[in-house]
Amino acid sequence: GEDVEQSLFLSVREGDSSVINCTYTDSSSTYLYWYKQEPGAGLQLLTYIFSNMDMKQDQRLTVLLNKKDKHLSLRIADTQTGDSAIYFCAERVGSNYQLIWGAGTKLIIKP
Amino acid sequence: KAGVTQTPRYLIKTRGQQVTLSCSPISGHRSVSWYQQTPGQGLQFLFEYFSETQRNKGNFPGRFSGRQFSNSRSEMNVSTLELGDSALYLCASSLAGGQGVEKLFFGSGTQLSVL
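If you read the sequences in order, they're chains A and B.
If you're matching positions, the first sequence starts at 1 in our numbering and goes up one per residue.
If you're matching positions, the second sequence starts at 1 in our numbering and goes up one per residue.
If you are wondering where the hints come from, they were derived from the structure by calculation, not from laboratory data.
Quick caveat: nothing in here was measured; it's all calculated off a predicted structure.
You may find that some hints are simply not true.
Unchecked claim - Restraint ranges, calculated between C-beta atoms of paired labels, are given here:
hint : chain 1 : residue 1 : chain 2 : residue 2 : range
1    : A       : G15       : B       : R55       : 22 to 30 Å
2    : B       : R67       : A       : A77       : 40 to 48 Å
3    : A       : P39       : B       : G28       : 26 to 34 Å
4    : B       : F60       : A       : M55       : 31 to 39 Å
Built from N, CA and C at the ideal position, the CB exists for glycine as well.
The shape of chain A in the complex, shown without the other chains (with noise of 0.2 Å):
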């Protein structure tokens, strides 16, 4: 069936890069998100990857994607305080409107 998981703590240095890992069942999948939340606030959409892609790019974010493993990941570079949030993977499988949302990772920064 389909599902997406990801790990629900990562704790990284400030200044360091943080590596969020996201794995998803359907190979059907036509977009995979990342979305962020803060403490206290809803979900904001950080970036997206369309499945023919193998990587993206934007400011301190990068998006690989390996779509033979079904393996997602988002790089932060220079990991910052205000990094600190859960972030959420999704995935949406061909052109259904519901996306399947992996459980989402905290973020811990140390300082």
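Chain A is already provided as a structure; the job is to place chain B on it using the hints.
Structure of chain B alone, referenced to chain A:
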């Protein structure tokens, strides 16, 4: 451009009561979806409305219902509240309603506590 507005921000109810939550999407957005977020279950899809019609529905009991008005504003209703309904309820709107990249814009949510 104003973002997605959800009211109220916080709500405290007792078991057995009913509750109505409101969501005003971004101007021009015709699709509104609702999610329940809890620490244990993560983000669960409730339903999605497009042009006043429910287009998709998640796996929730019939106590959860919604509707969308002609101005795209949406309401969600939960009847006969249970303790397990305590959660953050998030509303998201989108422009394309299923086309292309489909970017969702979320409100800040309504935190519902059932006592």
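**Asked** Measuring from beta carbon to beta carbon, are F60 (chain B) and M55 (chain A) in 31 to 39 Å?
**Response** Cβ of F60 (chain B) to Cβ of M55 (chain A): about 37 Å, so the range 31 to 39 Å holds.
**Range agreement (Cβ of A77 (chain A) with Cβ of R67 (chain B), hint 40 to 48 Å)** = At 44 Å between Cβs, range holds.
**Asked** Do the beta carbons of G15 (chain A) and R55 (chain B) sit within 22 to 30 Å of each other?
**Response** Violated: the Cβ-Cβ distance is about 45 Å, outside 22 to 30 Å.
**Assessment of proposed distance window 26 to 34 Å (beta carbons of P39 (chain A), G28 (chain B))** = 29 Å, holds
Violated hint for the displayed structure: number 1, the only one.
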